[in-house]
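**Q** For chain A, the structure is supplied; the task is to place chain B on it using the hints.
One line per chain: the protein sequences are A and B, in this order. In this text, residue positions in the first sequence follow my numbering: the first is 42, and each later residue adds one. In this text, residue positions in the second sequence follow my numbering: the first is 209, and each later residue adds one.
Bear in mind the hints are in silico, worked out from the structure with no lab data behind them. In this text, a Cβ means the ideal position worked out from N, Cα and C, and glycines have one as well. Certain hints may be false.
Selected chain B positions facing chain A (Cβ under 7 Å, derived; list incomplete) [stated by the list, open to error]:
hint : residue
1    : Tyr262
2    : Ser267
3    : Pro276
4    : Ser290
5    : Gly393
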Amino acid sequence: MGKKRLISGVVATAEAVRLADVDVITSFPIRPYTGIMSELARMVADGELDAEFIHADGEHAQLSIVYGASAAGARTFTGSSGVGVTYAMEVYSPISGTRLPVHMAIADRTLDPPGDFGSEHTEAESCRDQCWIQGWAATPQEALDLTLLYYRIGEDPRVLLPQYACQDGYFVSHIAGEVEIPDEGQVKEFLPPYKNKHSLNISDPMIIGAQIEPEMGPPLQYQRYIAIQEARKVIAEAYKEFGEIFGRKYSPFVEEYMTDDAEVVIFIQGAHSVTARNVALKLRNHGEKVGVVQLRTLRPFPTEIVRDVLSRFKAVGAVDNSVNYGIAGDGGVLLSEARTALYGLGDKTKTVGFVGGLGGEVITMEEFYKMYAKLKEIAKTGKVERDSYWLPYEL
Amino acid sequence: MLETVKTLRDMPKEEYYVPGHRTCAGCGPALVYRLVAKAAGPNTIFVGPTGCMYVANTSYGCGPWAVPWIHAQITNGGGVASGIEAAYKAMMRKGKYTGERPHAIVMAGDGGSTDIGLQALSGMIYRGHDVLYICYDNESYANTGIQTSPTTPWGAVTTFTPSGPAVPEGKRLWPKDNAQMIAHGHPELKYLATASPAFPVDLFNKVRKGLNAEGPAYLHIQAPCPKGWQFPSNKTIEMAKLALDTGMFQLYELEDGKYKMSYMPKERKPVEEFIKLQGRFKHLKPEHIEKIQNFVDQKVKAIEIEIAALS
Chain A
42 MGKKRLISGV VATAEAVRLA DVDVITSFPI RPYTGIMSEL ARMVADGELD
92 AEFIHADGEH AQLSIVYGAS AAGARTFTGS SGVGVTYAME VYSPISGTRL
142 PVHMAIADRT LDPPGDFGSE HTEAESCRDQ CWIQGWAATP QEALDLTLLY
192 YRIGEDPRVL LPQYACQDGY FVSHIAGEVE IPDEGQVKEF LPPYKNKHSL
242 NISDPMIIGA QIEPEMGPPL QYQRYIAIQE ARKVIAEAYK EFGEIFGRKY
292 SPFVEEYMTD DAEVVIFIQG AHSVTARNVA LKLRNHGEKV GVVQLRTLRP
342 FPTEIVRDVL SRFKAVGAVD NSVNYGIAGD GGVLLSEART ALYGLGDKTK
392 TVGFVGGLGG EVITMEEFYK MYAKLKEIAK TGKVERDSYW LPYEL
Chain B
209 MLETVKTLRD MPKEEYYVPG HRTCAGCGPA LVYRLVAKAA GPNTIFVGPT
259 GCMYVANTSY GCGPWAVPWI HAQITNGGGV ASGIEAAYKA MMRKGKYTGE
309 RPHAIVMAGD GGSTDIGLQA LSGMIYRGHD VLYICYDNES YANTGIQTSP
359 TTPWGAVTTF TPSGPAVPEG KRLWPKDNAQ MIAHGHPELK YLATASPAFP
409 VDLFNKVRKG LNAEGPAYLH IQAPCPKGWQ FPSNKTIEMA KLALDTGMFQ
459 LYELEDGKYK MSYMPKERKP VEEFIKLQGR FKHLKPEHIE KIQNFVDQKV
509 KAIEIEIAAL S
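Same shape as in the complex, but just chain A:
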């Protein structure tokens, strides 16, 4: 059994990286994820972690360096926030296309303009279709656990894909919570050493990333397309084994809270789900049939599970902590994908979008009360007046 500490998400993430015994770390400062790297730099300086700690010349360089290091056979770690995440965009597809299980922590931050430090899922979600495993931690404990889980899932020979382990900036990254830090023996049991047989090795020379003719591209893309679908099975397996070894049992794709006889639910990911749960609990105390469905894995999107879960309710409010200008339904990714998952089942489950918590504002309890009231009204009348509401201006 590990020991318990009161630490923030960034420190929890660094603890997981130490336990994963990574070989190459690349840093570049941008708030709020920087705290992970400061902690790792301290560990290296204090001799607690044996890794190459490279001060990269930008986020694009961070990702370029771990691409090379992972191709050479090393276990790698990098991370970023906000515009740093989008600055590295060029390199995400080469990493997943080369099937390198690079691990990247994202502590969310708004995109510019203006230069806002606040938390938003916008930048991380803008990378969601690059064939990386992606999901959100809602607490520091989840941040630690997600790091270990993602190394295990991404490095599985059946998957070999990179991972974005996301945590909400500040709400998770910088607010301390109780975290159980596993011992090294448990981690060794859960996370075997990284072995990729297609590495840059002089005893087995190979060309990685040769230029191809147009007709040769689609088969490779198809392999990636299958790989991230197949990853669903490995994700489920990894979470199950994680629960057995560490004693913390998560539902790998969606976590339900007070949904047993619920009529309306909030569909949400990340730290704001904690507030949603608190509000749901208070409403339950007043006899309201409300619940929360927390999405844990955004990529690969658990379409069937989301369909099966959400279709049990009369009304679903998808809360997006991101801006997706001009998207179908004018909400966000969660609304759009929840609707896609539900498509074809008729009109039994009504869906509506709420865009909130932008710029790093909290989504207040009052706002969640308003959302539940709107959902209750929709469930009662069966009418959806508009696709989405931008909080606080439109609700």
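**A** For chain B alone, kept in the frame of chain A given last:
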């Protein structure tokens, strides 16, 4: 340690850049690549940023390398190589890899070295990674059909710098001197040289010196391009030699803080002798050629003064 050689006959017979690729007839970069691979030997990993040596050379199923090779973006050869070097350092220290540490070589074009990939190159050298970074300079973005790069000479025509009534001279900017920029701002740099396929033994030895150096090394190799420069494909070496004899390009090395000229023509030829043989300059008028001559005179003087002062 890789030994330097005295003559072509002393070079190993083994090739690590083998026939079968799709580069143009007379391709300067391909000739350079063959010599680089021969000098580096089997214990080598190549990083190939996008450029001619990727698009025309690394076609799936007929890539010419007998050693490991990995693609990098045109932006990030220095970064990818930094990662490979760091990975081997960490894995060897931690007992995860027990073989000999491989050399890491970046072979990047002039766009990938002096323009869009300059930051990655500078970062790699600044951080002291033990990598040999080679710029094969064919003086344009060639695989996209000849567009101007920072090393395209003043007055050269490319598809982005055509000559016309309003812009008779074509390109209006003077070329960036990457070797000097790298040499003067990177205290971790352990070895730097310029080289040319006109002098293969010198080129071969500079590759080996760069690899023997314990830390970052930079080679800037001029690699004439029959397509971009517009000269017959059997004149590649002649063109490389003329560039040196006219002072359009200079050969030198920087080792242990000291410059040394590798080749000094006994009598420098006028730049016109280089220019008149290339279609990219055929629109130039005498006053344009005079401008180039003045630029080259100044540059040669500066290099020689500098080398004299430091050595």
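**Q** Determine for every hint whether it applies to the structure shown.
**A** For each hint, the structure was consulted:
1. Contact between tyrosine 262 of chain B and chain A, as hinted, is supported at the beta carbon level, the nearest pair being about 6 Å apart and thus within 7 Å.
2. The interface hint given for serine 267 of chain B is met, as the beta carbon of that residue sits about 5 Å from the closest beta carbon of chain A, less than 7 Å.
3. A distance limit of 7 Å between C-beta atoms decides the matter here; for proline 276 of chain B the minimum to chain A is near 4 Å, and the interface restraint holds.
4. The closest approach between the C-beta of serine 290 of chain B and any C-beta of chain A is roughly 5 Å, which is under the 7 Å cut-off, so the hint is satisfied.
5. Using the Cβ-Cβ criterion of 7 Å, the hint placing glycine 393 of chain B at the interface with chain A is not satisfied: the shortest such distance is roughly 13 Å.
Violated hint: 5 only; the structure is consistent with all others.
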